[in-house]
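Join the two chains, each given in its own frame, into one complex according to the hints.
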Amino acid sequence: MKYVDEFRKREEAQGLLRKIREISRREVSIMEICGTHTHSISKYGVREALPPNIRLISGPGCPVCVTSAADVNRLLDFSRSRRDVVIATFGDMMKVPGSSSSLQEEKARGGDIRVVYSPLGALDIAREDTGREVVLFAVGFETTVPTVAATMLAAREEGLKNFSVLSLHKLTPPAMRALMDTGEIDIDGFICPGHVTAIIGAGAYGFLATEYGSPCVVAGFEPIDAIMGIYMLVRQLEEGRKDIEIEYDRVVTWDGNLKAQEVMRSVFEPADSLWRGIGNIPGSGLRIRDEFADMDAEKRFSIPPGEDAEPRGCKCGSVLKGLITPDACPLFAKACTPEFPIGPCMVSSEGTCAAFFKYRRAA
Amino acid sequence: MTKDIKTILLAHGSGGSHSRRLVEDVFAKAFTNPLLAPLNDQAVFASPSGRLAFTTDSYVVKPIFFPGGDIGKLAVCGTINDLAVGGAEPLYLSASFIIEEGLPMDELERVVASMAKTALDAGVMIVTGDTKVVERGKGDKLFINTAGIGRISGSLDLAPSGIKPGDSVIVSGTMGDHGIAILTHREGIRMETPVESDCAPLHTLAKAVLEAAPSGVRAMRDPTRGGLATVLNEFAASSGRSISVREDDIPVKEAVRGACEILGFDPLYLANEGKLVAVVSKESTDAALDAMRSHRYGRDAAVIGTVEEGPKARVLIETSIGNRRILDMLSGEQLPRIC
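For the record, the sequence lines run as chains S and B. Using our numbering, the first residue of the first sequence is number 1, and each one after it goes up by one. Using our numbering, the first residue of the second sequence is number 364, and each one after it goes up by one.
The following block holds chain B by itself, in its conformation from the complex (with noise of 0.2 Å):
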């Protein structure tokens, strides 16, 4: 039995009787529903009414468990993120498992176990997935990859390219949580106040603000890899508008602040994982503000700035001390600074 293998061998992803067990043991087990259950090569399900969303992502997180959450999580909620930005319901996710021959069982079954818990409190189900096992030294221990089917209803069309000038810009909450996490946690860096990764399934989230501003919101993002920053430059370039936000009212823990100060890093191009941009009119923001204050996952909402009619498209920002520069995209990776 997979039970008495502790770690993952070659031969479980040989397509043999060894990935048969892991496949029944510990996957089908874990993320157990009527339509994965067969265990054919597809998933069969009737065709949601309205439009359709799909979406892919693949997590490589290093390590593989840290404050807050896991690549399990993360891959469960990065997924249903995707499609929520974009207005859908999310409906079906599938996981394929990209595994280091090595790799404690126990480690695999715990990512599992938090996938199917992540999937189960949101309200989505693990339909199909696939496993592949590399030899030692060929992976990272483990990488997931995770597809996702959601249902937009109505004739919803978020789109950056329909933010106007007087529009409204708000962040769901504190900016960088995830990335200072993951990053102390990696290099063993110890806080006063450690960082929880923000990693959390934002759809209800999303639906509360569609529904509390039915026709205001324009676009939302999640600002993941490359940050806010990001997010509001590709805003801006979607619409070809000005976005000109302050540094003042950009919600950032009190620690992350301290580790970026250290480290010489900017919380603006921090990646988070469970946290909404938003765009939306300004009759809208109040109502906006208040559905995402009122949600467990957007009580540091706060609005940050305004769209601007021009003229180039690009993202200013009005420094904590008075004066207004550009707030650029990340290009390249943040590193440690020197000194």
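Next comes chain S alone, as it looks inside the complex (with noise of 0.2 Å):
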């Protein structure tokens, strides 16, 4: 597969790690923000295959994960609530636990509740049953923010009336500006999430290096990718330097994709959101503007704030914010799995628990 399997060369892929081994000498931690770049490091046995000096640590990356619990309760709430509403949702938001049920149980339950594999199969369930309410769940970061615009664009030039959307979105750069704040974790580089930065661009990080003095890199999610950025990092790190470097170049630019950015600005504006973990993180989600009020559900259905109740127990916060590993956890592994997980984070795909649990356990 091109693109693909060049980046997953054996001798490459090892030739790389080699020349980490070379030239590491410093103790460094290295934070990868997105959920992608964990499952790929974890997958690929990366972690593993690195020096003991060179710490990786998982952050705030995944969009389910990063939700915050009153969000959750919020979309249980209203599931509850209007059961006459088609509710469409990406896969993994399916399963996280609320204080009382997940969208899952809400399902079987009664509700509703459709998975969809992109905003547009939100629009064509609109489409079919134009009779009905469907409401789309937007969570994501930059990634996907654009196509459910452009979604939302889509069904105001088509008439539609019947489908609106519950912007959860969220904004990277604003969530490691917070974290480097807190001034409770010592994160030497970052390597950065590369589906991200082809929308906003690798300059959006250009204040990590400046303000905070960490060196990034944006990566792609082959694994050569993910040892190349870490073997870029390593290489900054060690010779002193605090750059932003682009591993990803076949995909990101330094100013993005200009089109998505407008695609996104047209629809949506910076606002404050509460993140799990983190607590509110100023302009770091996304509000549906005043111009397409019709299609914000939130204001559609006057959707009330759920009840910000993690459960107990759950350390998935001080996993997000990369102060402790999965296992660490007192609930790890025994009454947190993915089969009946308690935090998000063994929830998704993409979160730093399952991730843990599915490739490092007792391994």
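Just so you know, the hints here were simulated from the structure itself, not pulled from any lab data. Careful: at least some of the hints might be erroneous.
[As the list claims (entries may be wrong)] Only part of the chain B face toward chain S is listed, based on derived beta-carbon distances under 8 Å:
(1) Gly-627
(2) Thr-682
(3) Ser-683
(4) Ile-684
(5) Gly-685
(6) Asn-686
(7) Arg-687
(8) Arg-688
(9) Ile-689
(10) Asp-691
Built from N, CA and C at the ideal position, the CB exists for glycine as well.
Here's what the structure looks like:
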């Protein structure tokens, strides 16, 4: 497969790992922000192949995991109160436990909740049954937002009156800033997410280098991308540089996808957002602009905020901030497993706990 | 006549004349054989010699027609395969239909014709059955349950508990074809190279392997739901041994890999409906592999790993870039990723 196989070559991967071992002298802590990186690094056994002085920390990069307990409860309350509404959601959201149930359980109890593979899937449902309201529970980072925006523009152009969106979108750079500002964790550099950066551009991380002295490398998601990204970052750290570098240059540019940014801006505007484990981060979410109020499910159905109660004993918050590894949570692999997850990090396939459970448990 | 009624009515499940006509015009006609012909409440046949194997499974696939097969073919092949992996020669099947009111009659007839053809080709008879009709909205077009009886000759005893260190793990072909065929068809995902389900009866393939390696086959499974990873973990758990496989050696079609990349799925957890996983002794490996490759359903067969001493009953995979990690069981269902 083009653009995949050449980034999974054994000799090249092992050669890069050797080079990392050769140049790496310092103890360094590197945060990979994106859940897909966490997953790829775990799936290909990269962590175990690195020298022990390089610590990889998984950050808040899974959209399901960072959705606050309040928002999960809000989705569940809405589903229970409006059984007449079709709720469209992306797969992993189905299993996230709220205080009393999950969307999966609400579906079994009679809620019309459907998994869609893209926002357009939700639009198809609305087209097929124009007599019923369809609400898309939209979670995701900058990667997902342009397609949701484009879907809303398409709905408007078609004159569809029964489609709306509950925007729980989150923005990456403000969360990285908030993480640095907590001062709780010592991060020497970041592996930045390829897909998000394809949209926003690598320039968006400039503040990390200039204000916080943290170098960044934007990496793709194949194992060699991830290893190359780590190599570039380690090289910077060993040389004492603090630059923003792009490993994923087949997709990512400095300015990003200007067209996608424009589409995004035409429908959404920045707003405060509540992140699981981190709390409220100013300007880190996206709300629907007033011009699209008719498609804003929050306004259309007056959806009240939900109760912000974390599951008892769950340490997902600390995992998301990179303060602990999953196995330091007392519930990990005991009360909390992918089959019976207690926290969202164990639910999502992009979640740190799920990756740790699946690929590293007792390895 | 049934032919004049274009859709399934509740009356077809009433037990009265509509039911009788449905059975006679659709089922008995398609499955015609002397054991079914009397249309009694049971099929009567002489006991086959040797030990008997008995299995049952229900089929609820959506959509009921998909590239490479349909729910009827699946229901016949699935039960044949559950017998075949135990080393049994499938003989007789039952077929129970739970039909949703409003199912077009021609769709039912297409499914039944497909079942009849699959059974005929495989040399098994559908000898008894049942029909129920549920109200519109209370089913999903059509559910089929099949049970099967097969004969195990000699003293063959296939059991994962007999798996030993040094044994080889062989798969009969590419992984994940059925799962991706269903998923892409159901979700309307257009692929440059469409993937067809591998749905096929495997009893002759299983027989060929058993004949080629009469005392070397320790265990066989068909990796359906949960895929290859789940079967390997079951083998490891039952035998108390570790299994080590190499990602590069596991055959996966290019189109399946592509679809998995897009959807965020792992082909090792996807369902197959026409593949065998066999654990065979080191000495019998070549013979078993050759037997598979000589069979129409085993042309892409490959040795993918070996059984190790332990220390723990677990499955390890050497990734394509040369590192090792755990290959765990599937828990829950695979869901598409968000980004």
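Hint by hint, here is what the structure shows:
1. Gly-627: It holds, given that the least Cβ distance between Gly-627/B and chain S is near 6 Å, below 8 Å.
2. Thr-682: Holds: closest Cβ of chain S sits about 5 Å from Thr-682/B, inside 8 Å.
3. Ser-683: The hint holds - Ser-683/B has a Cβ within 8 Å of chain S, the shortest such distance being about 5 Å.
4. Ile-684: Nearest chain S Cβ about 4 Å off; hint holds.
5. Gly-685: 4 Å, holds
6. Asn-686: 3 Å, holds
7. Arg-687: 6 Å, holds
8. Arg-688: Result: holds, 4 Å to nearest chain S Cβ.
9. Ile-689: 5 Å, holds
10. Asp-691: 5 Å, holds
In summary, this structure violates none of the numbered hints.
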